[in-house]
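Novice: Per the numbering used here, numbering of the sequence shown is gapless, rising by one per residue and ending at 188.
Heads up, a few of these hints could be off.
Stated by the list, open to error - Listed below are the simulated DMTMM-like cross-link pairs for lysine to aspartate or glutamate, each with C-alpha atoms no more than 25 Å apart in a straight line: (1) 17 to 159; (2) 154 to 100; (3) 17 to 138; (4) 123 to 174; (5) 184 to 171; (6) 102 to 174; (7) 128 to 54; (8) 102 to 138; (9) 184 to 174.
Since the hints were made in silico from the structure, they are not lab data.
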Amino acid sequence: MSAPPSISTDIRGLTLKAPLLSQCILSGLKEVENRSWIIPPGWYAIHTGVGKPDSATYDKITRILGDARSGIEVRESVSNAPQGAIAGLAYISHALPLAEMKGNPWASGPYCHVISQVAFLNKPIPRKGQLGQWKLSEAERAAIDAQLPGLEFKDTGHDAAYPSNQVALRDAREQELAARRAQKRKRE
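Construct the complete structure from the given sequences, taking the supplied hints into account.
Specialist: See the structure below:
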């Protein structure tokens, strides 16, 4: 488990498309963030975009949340969730290839980034989203730093449930690169 961030901790930003997704991560329900690229381990400011998930994604999330009390709480909190704002912080402990996720319903890969700690900001920070990971402005960083002492960090336990496997990750990356090279040769 990583220590909660301090004023000297490097924090990057990561935008999620919709409030439902960021609420699931920041409440500790969503174990992984899926990307087509590997996110380096570390603390990330979770930005909630203004978009909405497509109907298939929304249906999948609703199915995963089911009738569990925590799922109901997340769905109810979405109506009050900030949009177009940094809503909280999450620690990504490591990445795993999809094959290592043991049928986890949140995992769609190809790279699944395990979220081991989370915290909601007490006061969301408005900003526009960006693709990929992005650098916080000095004002955004100062606003986060001012809130750090009052944040309640939650250990999700997801890093213990899905331990790091660097060999599997390396093998998945090598397979991906080999597939890209094969596609490139095919086009030539």
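Novice: State for each hint whether it applies.
Specialist: Tested hints:
At most 25 Å may separate the alpha-carbon atoms for a hinted pair to count; residue 17 and residue 159 meet this at roughly 24 Å. Restraint check for residue 154 and residue 100: the C-alpha separation of about 24 Å stays at or below 25 Å, so the hint holds. Between residue 17 and residue 138, the direct Cα distance comes to roughly 24 Å. Compliance with the 25 Å bound is thereby established for this hinted pair. For a cut-off of 25 Å, the pair hint linking residue 123 to residue 174 is broken: about 42 Å separates their Cα positions.
Proximity of residue 184 to residue 171 is assessed by CA-CA distance (about 20 Å); at most 25 Å being required, the pair is judged to hold. Pair hint residue 102 plus residue 174 holds up; C-alpha atoms about 21 Å apart against a cutoff of 25 Å. Distance check on the hinted pair: residue 128 and residue 54 sit about 20 Å apart at the alpha-carbon level, within 25 Å; holds. Note on residue 102 and residue 138: the hinted pairing is violated, with a Cα-Cα distance of about 40 Å set against a maximum of 25 Å.
Simply put, residue 184 and residue 174 have alpha-carbon atoms about 15 Å apart, close enough for the 25 Å limit, and the pair holds.
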